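**Q** What follows is the residue order along each chain.
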Amino acid sequence: MALLTVDELSVTFTARGRRDVTAVSGVSFDVAQGEVVGLVGESGCGKSVTSLALMGLLPRKGVRLGGVADFDGTDLLTLSPSRMRDLRGRQLAMIFQDPLSSLNPVVPIGVQVTEILARHRGMKGERARKEAASLLDRVGIPDPDRRLREYPHQLSGGMRQRALIAMAVACAPRLLIADEPTTALDVTIQAQILELLRELVDQEGTALLMITHDLGVVAGLCDRVNVLYAGKVVEAAERRPLFSDPAHPYAHGLLGSIPRLDAPRGQPLHPIRGSINDTIAWADGCAFAPRCDHYTLECLEGTPALGELAGAAGPGHLVRCVNPVRDSSDLHTPLLEAPVMDASAEGDDEAPSPGTSAATSADTSVDTSSDTSSDTAPDAGAEPAAEPVADTDGASGGAPGKDTPA
Amino acid sequence: MTTLLELRDLKVHFPVRKGILFDRTVGHVYAVDGVSLSVEAGQTYGLVGESGCGKTTLGRAVLRLVDITDGAAVFDGTDLAQLPEEEMRRSRRRLQMVFQDPLGSLNPRQNIESILAEGMAAHGIGADREERRARISEILERVGLPAGSLSRYPHEFSGGQRQRIGIARALVLEPDLIICDEPVSALDVSIQAQVINLLEELQESMGLTYLVIAHDLAVVRHISDVIGVMYLGALVEEAPSDDIYSEPRHPYTKALMSAVPVPDPEVEDSRERILLTGDLPSPANPPTGCRFHTRCPWRQETRCDTERPELRDVGGGHKVACHWAEGIADGTVGPTTELAPTLLKE
Amino acid sequence: MGSPVSNTPNHPDDRDAPETPGTPELSGTPAVPHQAEAPAPVEGERTRRASRKVDRIDRLAELTARRETTTGAGLWVEAFRRLRTSKMAIIGACIIAVFVVLAIIGPWIAPYSPTAQSWRGEVFPNRGLFVGPRGENWLGLDHLGRDVFSRMLVGARQTLMVGVVATLIGFTVGALIGGVSGAALVLGGRAGQRIDAVIMRFIDMMLALPSLLLAVSIAAVMGQSLTTVMIAVGVVQIPIFARLLRGAMLAQGGSDYVLAARALGVRRRRIVMAHVVPNSLSPVIVQATLALATAIIEAAALSFLGLGNPDAAQPEWGVMLAQAQRFFDQAPMLAVYPAVGIIITALGFTLLGEAMREALDPKLRS
Chain A
1 MALLTVDELS VTFTARGRRD VTAVSGVSFD VAQGEVVGLV GESGCGKSVT SLALMGLLPR
61 KGVRLGGVAD FDGTDLLTLS PSRMRDLRGR QLAMIFQDPL SSLNPVVPIG VQVTEILARH
121 RGMKGERARK EAASLLDRVG IPDPDRRLRE YPHQLSGGMR QRALIAMAVA CAPRLLIADE
181 PTTALDVTIQ AQILELLREL VDQEGTALLM ITHDLGVVAG LCDRVNVLYA GKVVEAAERR
241 PLFSDPAHPY AHGLLGSIPR LDAPRGQPLH PIRGSINDTI AWADGCAFAP RCDHYTLECL
301 EGTPALGELA GAAGPGHLVR CVNPVRDSSD LHTPLLEAPV MDASAEGDDE APSPGTSAAT
361 SADTSVDTSS DTSSDTAPDA GAEPAAEPVA DTDGASGGAP GKDTPA
Chain B
1001 MTTLLELRDL KVHFPVRKGI LFDRTVGHVY AVDGVSLSVE AGQTYGLVGE SGCGKTTLGR
1061 AVLRLVDITD GAAVFDGTDL AQLPEEEMRR SRRRLQMVFQ DPLGSLNPRQ NIESILAEGM
1121 AAHGIGADRE ERRARISEIL ERVGLPAGSL SRYPHEFSGG QRQRIGIARA LVLEPDLIIC
1181 DEPVSALDVS IQAQVINLLE ELQESMGLTY LVIAHDLAVV RHISDVIGVM YLGALVEEAP
1241 SDDIYSEPRH PYTKALMSAV PVPDPEVEDS RERILLTGDL PSPANPPTGC RFHTRCPWRQ
1301 ETRCDTERPE LRDVGGGHKV ACHWAEGIAD GTVGPTTELA PTLLKE
Chain C
2001 MGSPVSNTPN HPDDRDAPET PGTPELSGTP AVPHQAEAPA PVEGERTRRA SRKVDRIDRL
2061 AELTARRETT TGAGLWVEAF RRLRTSKMAI IGACIIAVFV VLAIIGPWIA PYSPTAQSWR
2121 GEVFPNRGLF VGPRGENWLG LDHLGRDVFS RMLVGARQTL MVGVVATLIG FTVGALIGGV
2181 SGAALVLGGR AGQRIDAVIM RFIDMMLALP SLLLAVSIAA VMGQSLTTVM IAVGVVQIPI
2241 FARLLRGAML AQGGSDYVLA ARALGVRRRR IVMAHVVPNS LSPVIVQATL ALATAIIEAA
2301 ALSFLGLGNP DAAQPEWGVM LAQAQRFFDQ APMLAVYPAV GIIITALGFT LLGEAMREAL
2361 DPKLRS
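Taken in order, these protein sequences are the chains called A, B and C. As numbered in this note's numbering, the first sequence has no gaps in its residue numbers, which increase by one up to the final residue, 406. As numbered in this note's numbering, the second sequence has no gaps in its residue numbers, which increase by one up to the final residue, 1346. As numbered in this note's numbering, the third sequence has no gaps in its residue numbers, which increase by one up to the final residue, 2366.
Watch out, some of these pointers could steer you wrong.
If you only want the chain A side, here are some residues facing chain B, beta carbon under 10 Å, derived [claimed, not checked]:
(1) Gly66
(2) Ser80
(3) Pro142
(4) Gln190
(5) Val218
(6) Phe243
Quick list of the computed label-pair ranges, beta carbon to beta carbon [said to hold, decoys possible]:
(7) Glu1138(B) <-> Val2098(C): 52 to 60 Å
(8) Arg2270(C) <-> Arg1024(B): 33 to 41 Å
(9) Asp72(A) <-> Ala1147(B): 56 to 64 Å
(10) Glu1272(B) <-> His153(A): 53 to 61 Å
(11) Thr1336(B) <-> Arg2270(C): 52 to 60 Å
Read the hints as simulated data drawn from the structure, not as lab findings. Every value quoted in this text rests on a predicted model; they were computed, and no experiment measured them. Backbone N, C-alpha and C define an ideal beta-carbon position, used for all residues, glycine too.
Extracted from the complex, chain A is given alone in its bound form (with noise of 0.2 Å):
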């Protein structure tokens, strides 16, 4: 029985004058107690977005949710504001990526634990502070009754997660949500952190939403990922078959980008050309056809559904691609690299063909890859798709630019 069911949830900003923005569109997951879910995507996915719904904290105006969200029984988006801030702190808590600007900087770290222990467990003076004491102290924080009494500039990031992390789980919340809680600490502390929280779902039973951009930290961490591209979902697996049989050709290209700690060293990364701008409305498509290296004209009807993938270990492996990657053997060397090899030894262009890296894959590749992709692609698929290879990257600075300078 699940504690959270995430069902077709969509968020829409809409304001006047300008076109409606969709960031998220029919995101649906569900997490149980004591699991642990990812949600997975670089940046403009749309997973922050999701987390921000589901905890009722996105401004009412200008937003336009669909969907249902039930959280043991409540629909947690048409909550209203007051039930929701009862039932935030009590039974849902969340943290965020940057901790120094989630905490009031003019009030000591005790004050705002126990200003959340009053609120939500009727605990008032001594008793307050001892067990705020006593939360610092379940969270790794050395000395928690001076910490108490220090401002939150005072304490260094890893503490001042930490320090978070005790007013999350002040009231034992039944869900945490984690944005990106480890992204802004040093690695040292980030396995800190995740040892933390680790510790809390198996000890508490804690359900935990674990929102990062990091497939390293879902590795290690999350039972259920579910990854996110363009605001859908396109896979959803259990952990080590998504990691060892990716099959939407996105969440495979993520895998082959990342360069590994454990890898042999002089092992090329297969990047996903293009960036998250070059992409089409789902309603047209596949939003990722025009990074993709499997996608075919059927990709170009319509928004494909997420479906059970045939052929899988187990089930419950869900993937929203109707060409997606079989055979998990090329996760490392992906089929479409021998025809870009032929679309250039057609074309004029010599080895260093204009800077795109996935060209450049191709030129390292050269020997092995040409003739297995005649047996590792049957379909058309591969051939033509390599094309746009060089094309869409280098034309996707013609097309630039939507993206918000940071």
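The hints should help you fit chains B and C onto chain A, whose structure is shown.
**A** For chains B and C alone, kept in the frame of chain A given last:
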């Protein structure tokens, strides 16, 4: 193999001043405190460390963007630390830098042509506008930007493309050494790989030497031939890229290595984790003796808190700054009880 | 799509503007040569594949071409584009335009001479007898029997001149001082810091004085004239501009692209002139617009206090307000006309200034 850049006991101390009109120095931040390393021509030296370890300051000190307090930075036979201002400016043609924030490091009021031509004008490369433009177009193609980019402005590009502009800006001067300060950390994962591949390809085709400064050990290991690990202003370990992963010798490197997540559940579940306690001490008031002894799981009663360990060769070009490196390696020196690491084995 | 921030659609105005010809659309234009060479292979299989390839590229190009594109527009061009669509900017600009036009052509369209006391015999201030608006005199007569409407029209020029000249004085001197201070600081070195510290302490002293008191003292020293008013109001603005420019330069001096320019080997002087100053100017320009509004009000205040033009016959809104004050009980409208004029004009400049601030804010770009 020739050494292109050699740092000898390089120190950068920032004075902490107080007062309004007549200020006095009340202390120093020891951002870089005695680093010696050498970068071989045509290779990539990777410098890793967490925030506040002084790696960025070190990179800037090589270009003299911050003042060098003491020590030498010998580039191709010349000690940069001793050069007069104007000569230093001229030698920056051969030493270039790629910055972390692709947007912030580009002037929003300059179009791409003007950004790329600026360095050429400063160093008198290219006789006229036409000649410069031809050269710029060639470089733009090399880094994979469309030819029509010349008249565009930085905000019109995506993050990955902006970083390509930053790389192109360094390349037009035909430098020998490029210092890459967190070249990919501001980019999305899929874009990171594009930029890493581009850097590697350029190195191969143009014979560049890189000093890559980053916090992401996986990225650094992917791209570097030699890796130096920094902690609180000093190198704690330096080794060839493969060795540092297969046999890290310094306790800090071990902890760092075990903390880097690997996108593979099988690996993640079976790894040994060494969790460090506490935080990085302030570089304004560094611990005595070994800088790492306050957090070290292997800290010993003697020497660690009194004697600062030298970076010494332990064989095969593997250098480590730990008194007990051999003992820890062969198991005679174990983790001390009070700071025992959490060992997770499933 | 994306988070609300990252994917805000460009304004409709920008959408239809691929002004630079030959801007490659995503996979659009570049696909063409490949199409041409694609059918080259002769075997049936290859041709079929190739034609499917052409289909797919075409379809993708068609879909992606719908996306909006921007083309090589600089910061100012883009800011202007945004200004054009801002209601606040349009209203402000209209008010200013009307005011400026009136100031220029006022003396020619004024129905009567502003100084002629043509209706002297109809007004008796000491008995409280005034003449209000009538067909002949649209805004009535003042206490000396002069036509108020004509005086308002002609007075606009004086008022505008006081505002513009005073702001120019403040802007020029202030920016110069601030620029020197900022440049000294950015160019670095202990010496630069010292210069900056000395200049800034002096500026702080000027800021510490109440602005009106400062203006009154200057006017008192220099004697009563319109020039005095301009200089006094201008001097009051100096520290504001100086502080603003120095602050902006300091912020820009610490930015990454300045560091990048230094790393590139660009000379320091050029860094200041080509990078730091241009990027620091926009807050100062916005401030200049806002300062114009304050300058007009302050000039009016000085005139009101009797420090302005000694020839009271020459119309100026501030002077008119001052004179009307004596008869406020009997003829309040005499004070209302110049007051409303001043308020509306100041509002116009303020609106435009605020709109410019928004348009130039880099955080709000696309």
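**Q** State the violated hints by number, sorted upward, taking the hints as numbered earlier in the document.
**A** Hints 1, 2 and 10 are the ones this structure does not satisfy, whereas the remaining hints hold.
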